[in-house]
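**Q** Take this note's numbering: the final residue in the sequence shown is number 304, and no numbers are missing along the way.
What the hints contain is simulated information worked out from the structure, not anything from laboratory work. Errors might be hidden in some of the hints.
[Unchecked claim] DMTMM-like cross-link-like pairs, simulated, lysine to aspartate or glutamate; straight-line CA separation at most 25 Å:
#1 Lys278 / Asp298
#2 Lys121 / Glu161
#3 Lys37 / Glu67
#4 Lys274 / Asp187
#5 Lys222 / Glu272
#6 Lys192 / Glu272
#7 Lys82 / Glu15
#8 Lys274 / Glu164
#9 Lys225 / Glu164
#10 Lys285 / Asp151
#11 Lys222 / Asp199
#12 Lys225 / Asp199
#13 Lys225 / Glu161
#14 Lys185 / Asp199
#15 Lys178 / Asp143
#16 Lys267 / Asp187
#17 Lys278 / Asp219
#18 Lys197 / Glu215
#19 Lys278 / Glu161
#20 Lys167 / Asp298
#21 Lys167 / Asp151
#22 Lys245 / Glu265
#23 Lys82 / Glu36
#24 Lys222 / Asp187
#25 Lys222 / Glu161
#26 Lys197 / Glu276
[Unchecked claim] Here are the simulated distance ranges between beta carbons:
#27 Lys278 / Thr105: 26 to 34 Å
#28 Thr238 / Pro131: 28 to 36 Å
#29 Glu226 / Val134: 44 to 52 Å
#30 Ser32 / Ser125: 52 to 60 Å
#31 Asn152 / Asp219: 30 to 38 Å
#32 Asp263 / Thr91: 52 to 60 Å
#33 Pro102 / Lys285: 19 to 27 Å
All C-beta atoms, glycine included, are put in the ideal place defined by N, C-alpha and C.
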Amino acid sequence: METRVLKYFLTVVQTGNISRAAEKLHITQPTLSRQLQDLEKSMGTKLFNRGKKEITLTNNGVMFAQSAKQIIQMINKTRQQINQSNIVPTGTISIGLVETTISEWFFKTIKSFRAMYPQIVINIYNGDGDDLREKLDDNFIDLAFLIEPVESAKYHANEMGPLEKWGIIVKKSDILANKNSVNKNDLYNRPIILSRRSIVTESILDSLKINKEKLNVIGTHNLLTNAIPFIKEYNTMTIAVSGALSIRPDSELKFIPFEEKLESKHILVWRKNVALSLHARLLLDFFHAKK
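Using the sequences and the hints given, assemble the complete structure.
**A** Structure below.
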């Protein structure tokens, strides 16, 4: 049985009239009538009740119509999938990355995606969470990897990538560099430069029960890149994750974890109510499969 005949049959069902169906199909009425008769003969049952002005389905015709619709839908879906598989995805995906070990994880993980879709260009933007959320809101980037805590009310959010341990970064010549871990008392009455992201700073200070009034804050930074000159020049420190230093080793600096174990997860976010491009969706599906 040809799919063409199934389409003829369903068109008659839809119009309820052979003449209108023939006109819609751009074939003659006798041709269509003959096709329907051959169909009934091949099925071994009557499918239509033929009236003078209207044609209706028999009980067997109703069952056949349901199956015919499913067959046509399945064929159309399969054809669409085949056509899509023959198209080489192209385009640009813009990704935001915080300065942590997520960048190392990202570039290792993305290798197999690049092998599958070599025509897709990946643009990388580094920044702190505020920078990247602003770029997301302006549709300047498609996806962003942030670190907890994340203001996720207007974003889809999935945990992904490595955990990050919190501590401080100091010069190796600093007296604290001899310690294997530090506590809140080690931070008091010492010059310190904090992240400008208040949600992160407040979260860390609250978790460790640090009294901010006892901190000697000499400035803020948005990236460790900007904090490093402060640390070296003023023999100060900053609160950071270990990955912020491990991705850019510096022979003059050392990361020291907090005595109270404090870790944060990375979060992959993208805008709600904003349709992702096909290539961005492919990358998102790829990351979900890697979880």
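**Q** Work down the list of hints and note, for each, if the structure agrees.
**A** Results for each hint:
1. Lys278 / Asp298: OK: Lys278 and Asp298 at ~20 Å, within 25 Å.
2. Lys121 / Glu161: 22 Å, holds
3. Lys37 / Glu67: 16 Å, holds
4. Lys274 / Asp187: 22 Å, holds
5. Lys222 / Glu272: 13 Å, holds
6. Lys192 / Glu272: 10 Å, holds
7. Lys82 / Glu15: Holds, because 14 Å separates the two Cα atoms, which is no more than 25 Å.
8. Lys274 / Glu164: 23 Å, holds
9. Lys225 / Glu164: Holds. Lys225 to Glu164 sits at ~22 Å (cutoff 25 Å).
10. Lys285 / Asp151: With Cα atoms ~13 Å apart, Lys285 and Asp151 stay inside 25 Å; holds.
11. Lys222 / Asp199: 13 Å, holds
12. Lys225 / Asp199: 13 Å, holds
13. Lys225 / Glu161: 20 Å, holds
14. Lys185 / Asp199: 15 Å, holds
15. Lys178 / Asp143: 21 Å, holds
16. Lys267 / Asp187: The hint holds at about 9 Å.
17. Lys278 / Asp219: 17 Å, holds
18. Lys197 / Glu215: 14 Å, holds
19. Lys278 / Glu161: Measuring from Cα to Cα gives roughly 6 Å; hence the hint holds.
20. Lys167 / Asp298: Satisfied, since the Cα-Cα distance of roughly 20 Å is no more than 25 Å.
21. Lys167 / Asp151: It holds: about 13 Å lies between the C-alpha atoms, which stays within 25 Å.
22. Lys245 / Glu265: Roughly 8 Å separates the two Cα atoms, so the pair holds.
23. Lys82 / Glu36: It holds: about 21 Å lies between the C-alpha atoms, which stays within 25 Å.
24. Lys222 / Asp187: Holds: Lys222 and Asp187 sit about 24 Å apart, inside 25 Å.
25. Lys222 / Glu161: Cα-Cα ~18 Å, so holds.
26. Lys197 / Glu276: 16 Å, holds
27. Lys278 / Thr105: 26 to 34 Å: 28 Å, holds
28. Thr238 / Pro131: 28 to 36 Å: Once the Cβ atoms are compared, 31 Å apart, the range 28 to 36 Å for Pro131 and Thr238 holds.
29. Glu226 / Val134: 44 to 52 Å: 49 Å, holds
30. Ser32 / Ser125: 52 to 60 Å: Taking Cβ atoms as reference, Ser32 and Ser125 lie about 58 Å apart, which means the hint holds.
31. Asn152 / Asp219: 30 to 38 Å: Since Asn152 and Asp219 have Cβ atoms about 33 Å apart, the given range 30 to 38 Å holds.
32. Asp263 / Thr91: 52 to 60 Å: Hint holds: Cβ distance 56 Å, inside 52 to 60 Å.
33. Pro102 / Lys285: 19 to 27 Å: 24 Å, holds
In the structure shown, no violation is registered for any of the earlier numbered hints.
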